[in-house]
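Asks: Take the given structure of chain B and dock chain D to it, following the hints.
Here the protein sequences line up with chains B and D, keeping their order.
Quick note: the first sequence uses the working numbering, first residue 4, plus one each step.
Quick note: the second sequence uses the working numbering, first residue 4, plus one each step.
Source of the hints: derived by calculation from the structure; they are not laboratory data.
None of the values given here were measured: they were computed from a predicted structure.
Check the hints yourself; a few may be wrong.
Pairs count within a copy or across copies, as identical chains cannot be separated in the list.
Below 30 Å or equal to it, Euclidean Cα-Cα: the simulated DSSO-like pairs (lysine-lysine) are [to be verified]: (1) 110 <-> 61; (2) 23 <-> 224; (3) 140 <-> 79; (4) 136 <-> 224; (5) 295 <-> 61; (6) 23 <-> 192; (7) 295 <-> 224; (8) 224 <-> 110; (9) 295 <-> 142.
2 protein chains.
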Amino acid sequence: MSILVVGSVAFDSLETPSGKRERVLGGAATHFSLAASFFTPTRVVGVVGEDFSAGNEKVLTDKGVDTRGIERAEGKSFHWTGSYLNDLNTADTLATDLNVFANFAPKIPVEYEDSEFLFLANIDPVLQLDVRKKMPKVKMVGGDTMNYWIGAHREKLLPVLAELDVLLINDAEARQLSGESNVARAAEKVLELGPKTVIIKFGEYGSAAFFSERSFGDGVKHKPFRVHTLLLEEVMDPTGAGDSFAGGFFGYLASQGTLTPEIFRTAMFYGSVMGSFAVERFGTERLENTTKADIEERFQQLRDLSHL
Amino acid sequence: MSILVVGSVAFDSLETPSGKRERVLGGAATHFSLAASFFTPTRVVGVVGEDFSAGNEKVLTDKGVDTRGIERAEGKSFHWTGSYLNDLNTADTLATDLNVFANFAPKIPVEYEDSEFLFLANIDPVLQLDVRKKMPKVKMVGGDTMNYWIGAHREKLLPVLAELDVLLINDAEARQLSGESNVARAAEKVLELGPKTVIIKFGEYGSAAFFSERSFGDGVKHKPFRVHTLLLEEVMDPTGAGDSFAGGFFGYLASQGTLTPEIFRTAMFYGSVMGSFAVERFGTERLENTTKADIEERFQQLRDLSHL
Numbered sequence: 004m005s006i007l008v009v010g011s012v013a014f015d016s017l018e019t020p021s022g023k024r025e026r027v028l029g030g031a032a033t034h035f036s037l038a039a040s041f042f043t044p045t046r047v048v049g050v051v052g053e054d055f056s057a058g059n060e061k062v063l064t065d066k067g068v069d070t071r072g073i074e075r076a077e078g079k080s081f082h083w084t085g086s087y088l089n090d091l092n093t094a095d096t097l098a099t100d101l102n103v104f105a106n107f108a109p110k111i112p113v114e115y116e117d118s119e120f121l122f123l124a125n126i127d128p129v130l131q132l133d134v135r136k137k138m139p140k141v142k143m144v145g146g147d148t149m150n151y152w153i154g155a156h157r158e159k160l161l162p163v164l165a166e167l168d169v170l171l172i173n174d175a176e177a178r179q180l181s182g183e184s185n186v187a188r189a190a191e192k193v194l195e196l197g198p199k200t201v202i203i204k205f206g207e208y209g210s211a212a213f214f215s216e217r218s219f220g221d222g223v224k225h226k227p228f229r230v231h232t233l234l235l236e237e238v239m240d241p242t243g244a245g246d247s248f249a250g251g252f253f254g255y256l257a258s259q260g261t262l263t264p265e266i267f268r269t270a271m272f273y274g275s276v277m278g279s280f281a282v283e284r285f286g287t288e289r290l291e292n293t294t295k296a297d298i299e300e301r302f303q304q305l306r307d308l309s310h311l
Numbered sequence: 004m005s006i007l008v009v010g011s012v013a014f015d016s017l018e019t020p021s022g023k024r025e026r027v028l029g030g031a032a033t034h035f036s037l038a039a040s041f042f043t044p045t046r047v048v049g050v051v052g053e054d055f056s057a058g059n060e061k062v063l064t065d066k067g068v069d070t071r072g073i074e075r076a077e078g079k080s081f082h083w084t085g086s087y088l089n090d091l092n093t094a095d096t097l098a099t100d101l102n103v104f105a106n107f108a109p110k111i112p113v114e115y116e117d118s119e120f121l122f123l124a125n126i127d128p129v130l131q132l133d134v135r136k137k138m139p140k141v142k143m144v145g146g147d148t149m150n151y152w153i154g155a156h157r158e159k160l161l162p163v164l165a166e167l168d169v170l171l172i173n174d175a176e177a178r179q180l181s182g183e184s185n186v187a188r189a190a191e192k193v194l195e196l197g198p199k200t201v202i203i204k205f206g207e208y209g210s211a212a213f214f215s216e217r218s219f220g221d222g223v224k225h226k227p228f229r230v231h232t233l234l235l236e237e238v239m240d241p242t243g244a245g246d247s248f249a250g251g252f253f254g255y256l257a258s259q260g261t262l263t264p265e266i267f268r269t270a271m272f273y274g275s276v277m278g279s280f281a282v283e284r285f286g287t288e289r290l291e292n293t294t295k296a297d298i299e300e301r302f303q304q305l306r307d308l309s310h311l
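Just chain B, same shape as in the assembly (with noise of 0.2 Å):
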C-alpha cells in the first residue's frame, strides 16, 4: 500500500566531527521517503525554492518515489544549519532559514488521494491536521513533532496526537509532552493523549514501542517493545536518523498492509536499519547507494545482535 508524507523537504549545512557540508539535501519527508521507498510506493508532498534542482529531485525520483506533490515556490528552499561538534547524540542549531518553507501550505495532488498510509512529519500541527482532514479515508496515520510545537503550541499539537496510530518522538519530547521523567511513565500519558502506539526514540540507544488497548484492534494492551542500533564503526552525520527510521518503520507497514504485533515488531527493526544507514555519510548520500540486499543483511546483524 502507498504512503503519503508530508514534510519538510530542505538543504543542510552541517558539522560533525567528520567533517563539514554544505547544503546537502535533507529535510524530513526526504529522509523519510527514501527510507519507504524500499519497502513500498511512497508520495511527498511540500515545497521547494527555486534552488532546489533536478539533480535533487532525482535522488527521490530514482528511487521511485513520486515527487508530484513537491510544489516549486519563489524564493530559496528551506535551509538548516547544524552543527555535531559538542555530541554526536544531540544537534546544535546554529541556523534556521525557513525560506519558502514559512508559508507552506500543503496541497495534496488528485493522485495521492488513494494513499492508504499518511506520515505527518514534524511541520506546523495546524497543517498536521489540515492533511489528516483531507485524508479521511487513510487506513494508518503516523505523525513526529518536535519540543518547539510541545513547547509553545501544545494546544494546536493535542488534537493531531488524537488523530495518530503511532507517534514518534524522542525522549527529551515524551518528558516534555508528559511531564515525567521516568521513559515509561512518560510513554503512557503520551498514551492518555491520543496515539494508539507511541515509539520513544533514545537515538544511538535505539527506541522503545509502549502499546496502549487500542495498538492492534484486539483490545489488549501489549508489552512494550524495544530494539537496538547496530553498532557502527563510522557514524558521520546523525541528521536524519530520525526520519529513516520513521521511513523504513512505516515502509514496511505499509507493505504489509495488516497491523499486527510481530509486523510491528518487524517494522521497528527495519526502521533501525534505515537509521543505520543514514548516518554513516552526510545527507542522503548513504540511503541513495542502499540496496535490498544490503537491508536484508543489516536486518539479519540486527537480529544477530538481539536474539538468545
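Replies: Structure of chain D alone, referenced to chain B:
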C-alpha cells in the same frame, strides 16, 4: 561451579529523586554476590569495620553467600556518599571515606582456593593482580575497573586487563581507556589491551559485548551482542546496578560451567534482569526480596521485549 569475588563491602548514603537513605548496605562485592547467589555458590573476599553488624552479614548469608573471606578490621567500613539528583544515570560523589578499605590486603581463605570462577570487582589493580596470582587454577576471570585507575594508574591496570576473560566497564570508561569516542572502535582497542571479551555498559540503555578471536577458544571473532534494560516504571536507586549485572552475568556463566556464545548471551540477559531488581529499591532491599520465580519472569519479559 563456585565464584570468588573480591571487592568492596560498604555502606552507602544516597540521595535520589525518590528520597534519601543513610548507610544502607552496599559495595560492589555485596551487590555482585547477592546477584550471583541466585545462580551459583558465591564466596566473598573483602574487609569491613566494627560497624558491620551481624544483621548486615545476614543479608549475604541468608542468600547462601559464603562470608568467611570478609575480614574484620579495627575502625569503620568503607562509606560512600552519593547523589543522583541531577541525573539518575550519573552518580555525583559527595564523599568517599575509605576507612578500613584504605589498607585492604585481600586474604583468601583456604576453603576458597578451589573456586573455579574469579571476579575482580573495582579495587586497586595491584590488589586485583595479586588475587589473580593467588588463584592460578581458576577457569575464568572477570573484572571491573573505574575512571580513577584508568586515568591515574594505567600502568598498574594493564597487567590486570591481560588476565581477564571478560572486562565489564561503562561506555565513558571504554572511551577513556581507548581514546576512541566511537564505542565499536573503542571496544576493539580495549580488546587489543588483553581482555578476551569486553562488555560495555550503557546504564539505563543496556550493554553490549564485543568479542575477540580468543573469546570462545574457537578462533572465530563473533559479532557483537547487545542487551536492553527492562523499562521500569520505578527506579529508586541506580547504585549497584552494574555490579548486580556483573553478578547475574557471571553467576549464570559459572552455573553452566562451559562457555558457548549462546550461554554468554543468556548470561547477559540474566545480568540485565539482576540489574533491573537492584535499582528498584535503595541498597540491597530489592535483591534481598527477589525469588528465582521473579528472575525467570523478568527473563521472559526481557525476551519478549527484544525478540521478533
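Asks: Checking an output row: residue 136 and residue 224, CA cutoff 30 Å. Within, between, both or neither?
Replies: within (28 Å within a copy, 54 Å between copies)
Asks: I want to check one pair: residue 295 and residue 61. Are their C-alpha atoms no more than 30 Å apart within a copy, between two copies, both, or neither?
Replies: within (19 Å within a copy, 59 Å between copies)
Asks: Up to 30 Å between alpha-carbons, please classify residue 295 paired with residue 224: within, between, both or neither.
Replies: For residue 295 and residue 224, only the inter-copy Cα distance (26 Å) is at most 30 Å; the intra-copy one is 34 Å.
Asks: Between copies, within a copy, both or neither: which fits residue 140 and residue 79 at Cα up to 30 Å?
Replies: Classified as neither; 34 Å inside a copy, 72 Å across copies.
Asks: Between copies, within a copy, both or neither: which fits residue 110 and residue 61 at Cα up to 30 Å?
Replies: Classified as within: same-chain Cα gap 21 Å, cross-chain 72 Å, threshold 30 Å.
Asks: Within, between, both or neither: how does the pair residue 23, residue 224 come out at a Cα-Cα threshold of 30 Å?
Replies: neither (46 Å within a copy, 35 Å between copies)
Asks: Within a copy, between copies, both or neither: where do residue 23 and residue 192 come within 30 Å Cα-Cα?
Replies: Cα proximity of residue 23 and residue 192: across copies only (27 Å, versus 40 Å in one copy).
Asks: Regarding residue 224 and residue 110, is the shortest C-alpha distance of 30 Å or less found within a copy, between copies, in both, or in neither?
Replies: neither (37 Å within a copy, 53 Å between copies)
Asks: Checking residue 295 and residue 142: alpha-carbon separation at most 30 Å within a copy, between copies, both or neither?
Replies: within (26 Å within a copy, 45 Å between copies)
Hint compliance for this structure: hints 2, 3, 8 are broken, all remaining hints hold.
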